[in-house]
Amino acid sequence: MIMLIRSLAGLIGGYLLGIALAGLWTHWGGSDAERNLSFAMLFIVPVWIGALALVFAARSTWYACIALLAANAVCYSILWALPAIAIVGPP
Amino acid sequence: MKPDTLRRLHSAHTWAGVSTSWILFIAFFAGSITVFSPEVHEWVVPQARRASAPTAQDVAALVAAVTQAHPPARAEFDISLGHSSQPIASWYSAGERVSAQLADGVLVPPGRTESALSEFILELHYTLGLPGEAGMYLVGIACVIYGLALVAGLLIYVRNLIGDLFAWRAGRNLKQFWRDAHTMVGVLSLPFHITFAYTGAMFTIFVLMAAGLDRFALQGRAAPLIEHAFEVAPAPEPGGEAATPLHPAVLIAAAKRVAPSLRPTFFSYRHYGDANGTVQIYGQVSGALIQQGSIVLNSASGALIGASVPGRMHPANAASGTMLALHYGRFGGFVTRWMYFGLGLAGAFLFYSGALLWIESRRRRQAGQPRLHRSMARLTVGLCIGSCLGLAVTFAANQLPVAWFATDLGVRVVYGVFWLGSVIFAWCRPPIRAAIELLYATAAFALALPILNAIASGDHLLRSAAEGHWAVFWFDMTALAVGMSFLLLARAVARRARAGERNSVWAAPAEAPANSESEHRC
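The listed protein sequences derive, respectively, from chains A and B. Residue 51 in the working numbering sits at position 45 of the first sequence, and the numbers go up by one each step. Residue 286 in the working numbering sits at position 284 of the second sequence, and the numbers go up by one each step.
Treat the hints as calculated values from the structure; they're not laboratory data. Glycine residues also receive a C-beta, built at the ideal position from the N, C-alpha and C atoms. Among these hints, one or two may not hold up.
[What the hints assert, rightly or not] Each computed SDA-like pair below joins lysine to any residue, with the alpha-carbon atoms no more than 20 Å apart: (1) Lys-177(B) to Arg-314(B); (2) Lys-177(B) to Ile-361(B); (3) Lys-4(B) to Leu-60(A); (4) Lys-177(B) to Ser-363(B); (5) Lys-4(B) to Ala-79(A); (6) Lys-4(B) to Tyr-69(A); (7) Lys-258(B) to Ala-235(B); (8) Lys-258(B) to Ala-225(B); (9) Lys-177(B) to Lys-4(B); (10) Lys-4(B) to Arg-41(A); (11) Lys-4(B) to Ser-66(A).
[Unchecked claim] Here are a few chain B residues that sit away from chain A, every Cβ distance over 12 Å (derived from the structure): (12) Ala-321; (13) Met-341; (14) Ala-408; (15) Arg-465.
[As the list claims (entries may be wrong)] Now the stretches of chain A that chain B is said to cover, found in silico as 3 or more residues with beta-carbon under 8 Å: (16) 13-23; (17) 26-32; (18) 46-53; (19) 56-65.
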């Protein structure tokens, strides 16, 4: 059961984290958003697998879930807040 | 690394491997066959063996016939050089895709030139043959979990990598033997597995990643960027001014000025006869990692509009082309493809041996193994060996004089019946008996393939060699080698049943009477 919870946490949290980091790179990777996005899509899977591995390596399942949730919250806050207050323009 | 962390990583490696072993076994076994897709096609479709390649004049004649007989098709139609001596045109008519080729100057439905079986094996590789998108996403998620198994496995074994690599202890301890074999194959083929896990996930769940980026991260701005990144040239708008299109030979020459090694395989015409009309010429290029490319030209003037060939590619196309080349071994020659074939089979062995290890390492000392372990053994045998048997039978059925077996539906039905039949058979039999019988059946069908081919087409081994049909010759030889391997495996498993640990689920039921009551389910 613990393995199943960890797998689901890693699969969902890792996927969302990969997407968020790719979104951040598309905003800030350089002036050419199309090229940024092409590059950013390449590291979604490694981030996803890395997050999954960290969830399984963590001592406690809850600690892993909360850490992943926090990482996602930080990334999505930056993604949604900064364009809204016009610090970063649309890609 | 702390022992506690190592223990957790070991659990992760086991969990990830066991939970995806069946999916990845089928994907790897089918994938190793897709490496030789052109050769499989030639074996499956005997008509393709003696077909000469179509010429630019054949393309011109077909284009003229289609555009005169079906004027609405001028807006959009394709010409495939395919595997026949005559090219095939296809276009949409009343929402339906229509295909035709020329026979004595008349448009007729194309003969049997495409192989439903080689298409199906490719589909089996990335969707397991499951309908819709579900199979593709399932394989994609399995690739991500497989990535976890690789990362965890690497972290566990990194300290003793070299020591473990050469510690193949073949002796009385069978569990140790399987563990050493599993580690050795895993370590030796690690770069290949990393490439497969990564590129496999990228291909199968690209849509999920693009949709996630579009919806969650970039609020609808990712889709147009992605679409534009993969576009070789913008879609043409008809200008309304008539212009005579150039002869295909002239267009090919114009494309070759951009990519001299381009070998055209496919033409995609848009707004034929219009001054703004285009033709996108797809083909194979040599001397580069990415061996496929396309060039968009104005069909009336031959002017270059866009190109996606090595050296002139958008990063998105370059990345996907590189991944495709690395995933299917398309960058190399025959030796590379044989290496990929061997590594693919070794990968299938890795997943099968991983599942066996899981069952063996949980074996109780007393007779009567838990229901979970027996079920796991039955499913491993049925799903994995069943998929090998299903493919062997589908190849055999393809050579029978019943055309339906070679159709898309026929191939799916034959494979599905034998695969699911094997799962039910393995569920009803003691696992070891089912394994032996399914292995013998697979061996028999694989060994029969060269004979069936010789009967159906007359191309026996000696004739194929004498006439230089090396694809057919090597296919037959490989079928014999694979058949012999399955035969030897069946004999080895039978020996294991007689001489192995009595309490194992792999023991012959006669030697483990305590199990026998619950072994026969049907």
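Hints and how they fare:
no.	hint	verdict
1	Lys-177(B) to Arg-314(B)	violated (53 Å)
2	Lys-177(B) to Ile-361(B)	holds (10 Å)
3	Lys-4(B) to Leu-60(A)	holds (14 Å)
4	Lys-177(B) to Ser-363(B)	holds (7 Å)
5	Lys-4(B) to Ala-79(A)	violated (30 Å)
6	Lys-4(B) to Tyr-69(A)	holds (18 Å)
7	Lys-258(B) to Ala-235(B)	holds (18 Å)
8	Lys-258(B) to Ala-225(B)	violated (33 Å)
9	Lys-177(B) to Lys-4(B)	violated (26 Å)
10	Lys-4(B) to Arg-41(A)	violated (41 Å)
11	Lys-4(B) to Ser-66(A)	holds (15 Å)
12	Ala-321	violated (6 Å)
13	Met-341	holds (24 Å)
14	Ala-408	holds (37 Å)
15	Arg-465	holds (48 Å)
16	13-23	holds (count 6)
17	26-32	holds (count 5)
18	46-53	holds (count 6)
19	56-65	holds (count 7)
Violated hints, in rising order: 1, 5, 8, 9, 10, 12; the structure is consistent with all others.
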